[in-house]
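This is what each chain is made of:
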Amino acid sequence: MKAPRRPPEPVQVIKQRRDATLRALVEGVPYIRYLGMQFERKGDELTGVLPFDQKLIGNPMLPAIHGGVTAAFLEVTAIVTLSWTYLWEDIESGAIDTATLAAGGLPRLPKTIDISTDYLRSGLPRDAYARARVNRSGRRYASVHVEAWQDHRARLFAQATGHFLMPQPRD
Amino acid sequence: MATKTDIARQFIEAIPHSKALAMRLTSIGDGEATILMPYDAKLVGDPETGVIHGGAVSALMDTCCGAAVMSHPASPGGTATIDLRIDYMRAATPGQPITAHATCYHVTRTVAFVRATATDADTGNPVAAATGAFTVEGAA
Chain A
84 MKAPRRPPEP
94 VQVIKQRRDA
104 TLRALVEGVP
114 YIRYLGMQFE
124 RKGDELTGVL
134 PFDQKLIGNP
144 MLPAIHGGVT
154 AAFLEVTAIV
164 TLSWTYLWED
174 IESGAIDTAT
184 LAAGGLPRLP
194 KTIDISTDYL
204 RSGLPRDAYA
214 RARVNRSGRR
224 YASVHVEAWQ
234 DHRARLFAQA
244 TGHFLMPQPR
254 D
Chain B
5 MATKTDIARQ
15 FIEAIPHSKA
25 LAMRLTSIGD
35 GEATILMPYD
45 AKLVGDPETG
55 VIHGGAVSAL
65 MDTCCGAAVM
75 SHPASPGGTA
85 TIDLRIDYMR
95 AATPGQPITA
105 HATCYHVTRT
115 VAFVRATATD
125 ADTGNPVAAA
135 TGAFTVEGAA
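Protein chains in written order, with the numbering used here: chain A, 84 to 254; chain B, 5 to 144.
It should be emphasised that the hints constitute simulated quantities derived from the structure, not laboratory data. Heads up, some of the hints might be wrong.
Claimed, not checked - A partial selection of chain A residues facing chain B, derived with a Cβ cut-off under 10 Å: (1) ARG89; (2) TYR117; (3) ALA155; (4) GLU158; (5) ILE174; (6) ALA178.
Claimed, not checked - Computed list of lysine-lysine pairs in DSSO-like fashion (alpha-carbon distance at most 30 Å, straight line): (7) LYS23(B) with LYS194(A); (8) LYS138(A) with LYS23(B); (9) LYS138(A) with LYS46(B); (10) LYS23(B) with LYS125(A); (11) LYS194(A) with LYS46(B).
Quick reminder that beta carbons are idealized off the backbone N, C-alpha and C, glycines included.
Just need the whole structure built from these sequences, with the hints factored in.
Structure below.
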């Protein structure tokens with residue numbers, strides 16, 4: 084005999100929990116705020132957004148976005164997406180405590196081991212977008228690929244692959 | 005006449021993002037460059053520990069590698085990053101500046117190869133290492 088299925092939660096309850104978690108992951112980090120990065124969420128899919136700003140310029144003659152900014156944008160998108168994927172089950176089950184998150188009680192985040200960035204074309208002085216795919220996430224290590232584009236989704240201006248150390252349970 | 009090193013220095017110091025991060029070129033010439041980035045609370049990646057975000061270290065490494073390429077005797081002028089890999093060996097100590105040192109160890113007509121390390125006050129124990137390939141621009 085099957086156990087009776089739990090009725091689905093009201094949409095605003097689940098949205099509140101998802102958005103509160105995402106907000107904590109993004110707004111708790113000074114460097115993400117400094118770059119002016121934001122995240123858009125559709126279900127569990129995240130898109131990193133980097134609105135253009137003069138302080139992001141690396142080559143004033145072209146002008147082009149600084150290669151270091153591009154690398155940082157990809158790395159932040161990879162870490163936030165990986166953390167989000169890691170926390171997803173707890174968000175959905177309600178095990179995550181959104182009140183603690185809102186008070187700045189950030190969950191422990193994965194740490195970058197290495198990241199390799201390919202610069203495919205120069206970053207133009209306009210908004211940039213990035214999405215990451217977690218290719219493997221084990222108990223200790225994870226491998227994440229991330230792609231960034233500006234005007235055309237299919238015309239990437241940069242991509243990166245990074246390896247990350249997963250947070251270990253506190254002891 | 006402005007030397008290649010002078011031009012490279014002017015170029016590096018005019019980069020808006022490098023200025024925003026208060027990067028200071030402390031030495032440059034013959035394919036080597038050293039750049040210092042002061043500690044700043046706005047660059048923190050982990051608010052619990054105050055450790056600087058890896059992304060800011062990437063920006064420092066990229067700038068320093070580009071400067072090393074531009075100062076190489078065989079480099080005719082500008083450059084752009086083709087790829088850059090960064091290994092993070094340990095967290096930088098909060099409150100300390102980070103210094104990157106880059107060496108452009110080989111230049112062909114089209115590609116420049118670079119390695120770099122970043123250290124805090126504990127100079128014998130690097131925070132990060134980088135290897136990259138850069139374009140050689142301005143060649144006939």
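Verification of the hints:
no.: 1; hint: ARG89; in the structure: violated, 35 Å
no.: 2; hint: TYR117; in the structure: holds, 4 Å
no.: 3; hint: ALA155; in the structure: holds, 3 Å
no.: 4; hint: GLU158; in the structure: holds, 5 Å
no.: 5; hint: ILE174; in the structure: violated, 21 Å
no.: 6; hint: ALA178; in the structure: violated, 21 Å
no.: 7; hint: LYS23(B) with LYS194(A); in the structure: holds, 27 Å
no.: 8; hint: LYS138(A) with LYS23(B); in the structure: holds, 8 Å
no.: 9; hint: LYS138(A) with LYS46(B); in the structure: holds, 14 Å
no.: 10; hint: LYS23(B) with LYS125(A); in the structure: violated, 36 Å
no.: 11; hint: LYS194(A) with LYS46(B); in the structure: holds, 19 Å
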